[in-house]
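**Student:** Residue strings, one per chain:
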Amino acid sequence: MDYVLSLLGPLWQGTTVTLKLFFITLALSVPLGLVLALLRISRLRSISTAVNGYIWLMRGTPLMLQMLFIYFALPFVPVVGIKLPDFPAAVVAFALNYAAYFAEIFRAGIQSINKGQYEGARVLGLTYAQTMRRIVLPQVIKRILPPMSNETITLVKDTSLIYVLALNDLLRVARGIVQRDFTTTPFIVAAAFYLIMTLVLTWIFQRMEKRYARYDD
Amino acid sequence: MISARDLHKRFGHVEVLKGVSLDMGKGDVIAVIGPSGSGKSTFLRCLNHLETIDRGRIDIEGETLVDTDAQGHCRYVGDADIRRICRKMGMVFQQFNLFPHMTVLQNVIEAPITVKRLRREQILPTAERLLAKVGLAEKHASYPSQLSGGQKQRVAIARALAMEPDIMLFDEPTSALDPELTGEVLRTMRQLAEEHMTMLVVTHEMNFAREVANRVIFMDQGELIEDAPAGEFFANPCHPRTRAFLQSML
Ligand SMILES: Nc1ncnc2c1ncn2[C@@H]1O[C@H](COP(=O)(O)OP(=O)(O)OP(=O)(O)O)[C@@H](O)[C@H]1O
Ligand SMILES: [Mg+2]
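If you read the protein sequences in the order shown, they are chains G and P. Just so we're aligned: the first sequence equals residues 1 to 217 in this note's numbering. Just so we're aligned: the second sequence equals residues 218 to 467 in this note's numbering.
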């Protein structure tokens, strides 16, 4: 038991890295995903096609590869080539990757809204931007809560990929201790940490779903 | 109030409006009747720019919304002007199109606040008066999904009226309702007509057309076949197609 308690300090250190990556990724990729979704459904063919290509690229290749590319290969790319430190490189890769997934969720949500809602707003004099902000997006939130819940829970677990950049997240810290002490207990404690994080997320999304259940479509 | 000249509209290869013209004066209540697919909805939707026309001219209260030049190029005014001009017309849809995430009251005050930039306190008395007028004062906190079809449509009417339009367009406002619920909506519309609202109503309710409308127009296959005062229209229809249609409605 004392051994388990002695693990909490270092594992909590790792958890702060995990949480930092999680929150920064979420804060960047949700707005970026929304912009991508709106561009994707825009009538400008070339923009829509470009965004489509971007989404295909980001969903079609492993996140780990994208992270390695941004960290190791990007510095050698002409013009855009910059050398990012390890954590920012991970953040950029995660944000770009998750934005693509969120964009698809938002797009499907927006397109599930009946055309009559746009017309109802239009004949009342609302502009397209006002219609989106006041009428469409608030209804989209309710419909995308289940897939968003899935995706954010996946994000919690995906953060463990940053071990390849030698960043000391929860899982890498646990593995270090396992190798040092020749016991698998740190893995079990780390699993408990992940479970608590996903439990909190699940609870938050359930609360939101309940709040949005006040009306039916 | 509304002047439509020679409106043409096609969807792909189908010509849906083949030169429809209509002049509507202040206080006119015009019923538009005709068989399914004759272009009634399309005509209404062209008037408030839910559809764009291919040729013709539309003026709303003396302002040109769209015109066609000698070369046949159809030109609309700018987007801001389109919105400003079309705001003079309220519209009620067959499918209500209420905003499901908002309460009845929020549905009514949304456009005055967002579009007219009124403060909530400024529009609340009007909203409450309108809801009382359509008989739904006590439902202000309900969501649309908690209402019957007839109640939904009355909210939709109150919502349109909250923008203080000069003209109301109705596209089959009772067609999605159970028969026993049409009466309450028609009563609300009749009351509006008695207050001299200018109304253009696509409807299958012959009694409404007969009793409330002062003019009835009959459309068939994209053409306006007959346009007559209501009494005359039913008593003595000129066109054989009108007569055939009226026969089929009995
Ligand atoms: N968006 C559209 N795209 C293609 N065709 C359309 C569209 N809207 C209407 N049409 C066609 O135009 C014709 C006229 O339709 P419209 O809805 O104006 O008729 P209507 O007189 O209102 O009929 P109803 O009584 O059934 O409502 C129909 O043949 C219809 O299929
Ligand atoms: Mg119709």
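No lab work stands behind these hints: they were computed from the structure. Incorrect hints may have been included.
[Said to hold, decoys possible] DSS-like cross-link-like pairs, simulated, lysine-lysine; straight-line CA separation at most 27 angstroms:
1) G:K115 x G:K157
2) G:K210 x P:K243
3) P:K350 x G:K20
4) P:K356 x G:K115
5) G:K142 x P:K356
6) P:K243 x G:K115
7) P:K333 x P:K305
8) P:K243 x P:K356
9) P:K356 x P:K333
10) P:K235 x P:K305
11) G:K20 x G:K157
12) P:K235 x P:K356
13) P:K305 x P:K243
14) G:K157 x G:K142
15) P:K350 x P:K305
**Student:** Now, for every hint given, state plainly whether the structure supports it.
**Tutor:** Consistency of the hints with the structure:
A threshold of 27 angstroms between alpha carbons decides the hint, and for K115 of chain G with K157 of chain G the separation of about 37 angstroms lies outside it, so the pair is violated. Only pairs whose Cα atoms come within 27 angstroms are accepted, and K210 of chain G paired with K243 of chain P is rejected, the gap being roughly 49 angstroms. For the suggested pair K350 of chain P and K20 of chain G, the alpha carbons sit about 55 angstroms apart, so the restraint of at most 27 angstroms is broken. As the CA atoms of K356 of chain P and K115 of chain G are separated by approximately 26 angstroms, the hinted pair is consistent with the 27 angstroms bound.
A hinted pair counts as satisfied when its Cα atoms are at most 27 angstroms apart, and K142 of chain G with K356 of chain P qualifies at roughly 23 angstroms. Under the criterion of a C-alpha separation no larger than 27 angstroms, the hint pairing K243 of chain P with K115 of chain G is inconsistent with the structure, at around 31 angstroms. The suggested pairing of K333 of chain P with K305 of chain P holds, with an alpha-carbon distance near 13 angstroms, which does not exceed 27 angstroms. Our distance criterion of 27 angstroms between C-alpha atoms is broken by K243 of chain P and K356 of chain P, whose separation comes to about 32 angstroms.
With a CA separation close to 24 angstroms, the supplied pair K356 of chain P and K333 of chain P stays within the 27 angstroms bound. For the suggested pair K235 of chain P and K305 of chain P, the alpha carbons sit about 26 angstroms apart, so the restraint of at most 27 angstroms is met. Only pairs whose Cα atoms come within 27 angstroms are accepted, and K20 of chain G paired with K157 of chain G is accepted, the gap being roughly 13 angstroms. A threshold of 27 angstroms between alpha carbons decides the hint, and for K235 of chain P with K356 of chain P the separation of about 44 angstroms lies outside it, so the pair is violated.
Of the supplied pair hints, the one linking K305 of chain P and K243 of chain P holds, its CA atoms being roughly 13 angstroms apart against a limit of 27 angstroms. Restraint check: the Cα-Cα separation between K157 of chain G and K142 of chain G comes to about 24 angstroms, which is no more than 27 angstroms; the hinted pair holds. At roughly 21 angstroms between alpha-carbon atoms, K350 of chain P and K305 of chain P fall within 27 angstroms of each other, so this suggested pair holds.
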